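Construct the entire structure; sequences and hints are all you get.
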Amino acid sequence: MIEETLLIAQLKSIQTKEKAFRQLIFLYKEPLYWHIRKIVISHDDADDVLQNTFIKIFKNIDKFNQESKLFTWMYRIATNESITFINKKAKQRNINITDYQQELVSSLASDDFFTGDEIQLILQKAIAILPRKQQLVFNMKYFDELKYNEMSEILGTTVGALKASYFHAVKKIESYIKKYTD
Amino acid sequence: MENNLKNSEAHLKSLFEKENGFSVPKNYFKDTKAQLMGFLLEDKIVKKKTFSTPELYFDKTINSYIEILF
Chain A
1 MIEETLLIAQ LKSIQTKEKA FRQLIFLYKE PLYWHIRKIV ISHDDADDVL
51 QNTFIKIFKN IDKFNQESKL FTWMYRIATN ESITFINKKA KQRNINITDY
101 QQELVSSLAS DDFFTGDEIQ LILQKAIAIL PRKQQLVFNM KYFDELKYNE
151 MSEILGTTVG ALKASYFHAV KKIESYIKKY TD
Chain B
1 MENNLKNSEA HLKSLFEKEN GFSVPKNYFK DTKAQLMGFL LEDKIVKKKT
51 FSTPELYFDK TINSYIEILF
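Chains as they are written, first to last, in the numbering used here: chain A, 1 to 182; chain B, 1 to 70.
Source of the hints: derived by calculation from the structure; they are not laboratory data. Small disclaimer: the values here were computed from a predicted structure and weren't measured. Backbone N, C-alpha and C fix where the C-beta goes; we use that ideal spot for every residue, glycine too. Don't take each hint at face value.
Stated by the list, open to error - Covered stretches of chain A, going by a simulated chain B footprint (3 or more residues, C-beta under 8 Å): (1) 27-33; (2) 43-55; (3) 108-117.
Below is the structure:
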């Protein structure tokens, strides 16, 4: 795997930008996609947001000052693009974000690209009713298995606050699942 | 200053043996951790990928993005 500093240098150079960008997409398309997908739920929406994310990365790579790791920076862009996307969709529908996300999850059972069983559907519904920050933290910690210091860089929140968010998210999800499976 | 601090810490330690005076119910940490871990471990089953993508989706991504950007 190409060393990060070298990749960044190649991304910033006109001569090597295209080749380096191909490498970047190859390396990161899947982790970024799955992160986005967990927020926007639908594959088609995730596809749109992933494209927006890479366009934004492409346009802003010259400004990337390496204060964080490249993946952290890209992950942050993907997170912000996803949130902007669902905020916009909810506004277009004239409903609040929570209602919009619950609507999305309600349609999962008939979604061709949802392969989960009943308990996994209940889990997605439980996640959808969490406050925004707890949703993000739960998905990033539980599914993506990111470390707290990585999440702190991505979300701009202290590790202590993230741990508290995760704890509350887990308790709420546990309570929701118990309620709907008992 | 550092020595001063260390001396103060040593003094305090000798008085309080680093105890803060707070306590918790018996087995509190064990129970909380077990409860949380139980939930999470049980949901190792739930943790498997539940979303999927159209066939060859990721294979097509690179070329389509390069076409847009270059």
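Legend entry - Stated coverage of the segment 43-55 of chain A by chain B [criterion: 3+ residues, CB within 8 Å]: holds (count 6)
Legend entry - Annotated coverage of the segment 27-33 of chain A by chain B, confirmed only when three residues or more have a Cβ within 8 Å: holds (count 3)
Inset, instruction - Closer than 8 Å, Cβ to Cβ, for at least three residues: run that test on the segment 108-117 of chain A against chain B and report holds or violated. - result: holds (count 4)
Against the hints set out earlier in the document, no violation occurs for any number.
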